[in-house]
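> Start counting the sequence shown at 1; every next residue gets the next number (the numbering used here).
These are computed hints drawn from the structure, not numbers from a lab.
Honestly, I wouldn't trust all of these hints.
[Said to hold, decoys possible] List time: in silico PhoX-like cross-link candidates among lysine-lysine, alpha-carbon distance up to 20 Å:
(1) Lys-20 with Lys-87
(2) Lys-20 with Lys-30
(3) Lys-87 with Lys-147
(4) Lys-156 with Lys-20
(5) Lys-30 with Lys-156
(6) Lys-30 with Lys-147
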Amino acid sequence: MHDPLLITARDNPLLQRIRKLAGDPGAYRKQGQVWLEGDHLVGAALQRGAVLDELVLAESAWAERPDWRGWAPKARRVLRVPDLLFKTLSGLESPARLGALLATPEAPVIDAGAASIVLDRLQDAGNVGSILRSAAAFGARQVLAIKGTAALWSPKVLRAGMGAHFGLQLIEGLSADDLGALQVPLLATSSHGGLLLGQAQLPQPCAWVLGHEGQGVDPALMARCAHTVRIPQPGGEESLNVAAAAAVCLFASRPGQ
Numbered sequence: 001m002h003d004p005l006l007i008t009a010r011d012n013p014l015l016q017r018i019r020k021l022a023g024d025p026g027a028y029r030k031q032g033q034v035w036l037e038g039d040h041l042v043g044a045a046l047q048r049g050a051v052l053d054e055l056v057l058a059e060s061a062w063a064e065r066p067d068w069r070g071w072a073p074k075a076r077r078v079l080r081v082p083d084l085l086f087k088t089l090s091g092l093e094s095p096a097r098l099g100a101l102l103a104t105p106e107a108p109v110i111d112a113g114a115a116s117i118v119l120d121r122l123q124d125a126g127n128v129g130s131i132l133r134s135a136a137a138f139g140a141r142q143v144l145a146i147k148g149t150a151a152l153w154s155p156k157v158l159r160a161g162m163g164a165h166f167g168l169q170l171i172e173g174l175s176a177d178d179l180g181a182l183q184v185p186l187l188a189t190s191s192h193g194g195l196l197l198g199q200a201q202l203p204q205p206c207a208w209v210l211g212h213e214g215q216g217v218d219p220a221l222m223a224r225c226a227h228t229v230r231i232p233q234p235g236g237e238e239s240l241n242v243a244a245a246a247a248v249c250l251f252a253s254r255p256g257q
């Protein structure tokens, strides 16, 4: 295997593009590429059949990690950079020494009958990524993000999602009216009333609607919901973090229940 192209110039245009993608949550929308940092994300993309535009390794990783070098044939181009220069590409305190550029996946058409999650203007990237991870774990196939939700392919959401992105259909920038394409019942959580989770029969498949961390579900979107669902909390807390609530609800409605 030939050594990949070595880049040593800090102002190399490709490296400048990576820094933009690593630092700006919405840059992928303009650049048409997503920056995947770390072997877990890169490996998850490859496992789902992705073809990488560029695979980028720190020089030490190229020398020390034959398993990472083995991914070179799955990239259109392979680059290596000095370790200190790779640190300038990273959004992590401890850079992973490997990353990849991937063309931003095209958004699919809404699948009318899919078990889904609807994200209504969720702001916290960690919450959004955690919800995507739970969705993939518990059998939801589709995530629909209302305009104002944290960018689904931003670096922080990708890291929190831990590879879940590549097992889901992701569509963002939607309006409440766009959800008219869904043919499954919409369910929203409520701390006040409605069906009691664990005691009521939930429709399957369904679409869970998760609202803004502070404001909850928009009234216009709530009006589209077939039911509200209350999560029992015998410990007496008023409400759960939205990512925790999502995990509980997705587990309760997982296929086969």
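> If a hint holds in the structure, say so; if it does not, say that too.
Checked hints:
1. Lys-20 with Lys-87: holds, 14 Å
2. Lys-20 with Lys-30: holds, 11 Å
3. Lys-87 with Lys-147: Distance of about 33 Å is beyond 20 Å: violated.
4. Lys-156 with Lys-20: holds, 14 Å
5. Lys-30 with Lys-156: With Cα atoms ~18 Å apart, Lys-30 and Lys-156 stay inside 20 Å; holds.
6. Lys-30 with Lys-147: holds, 16 Å
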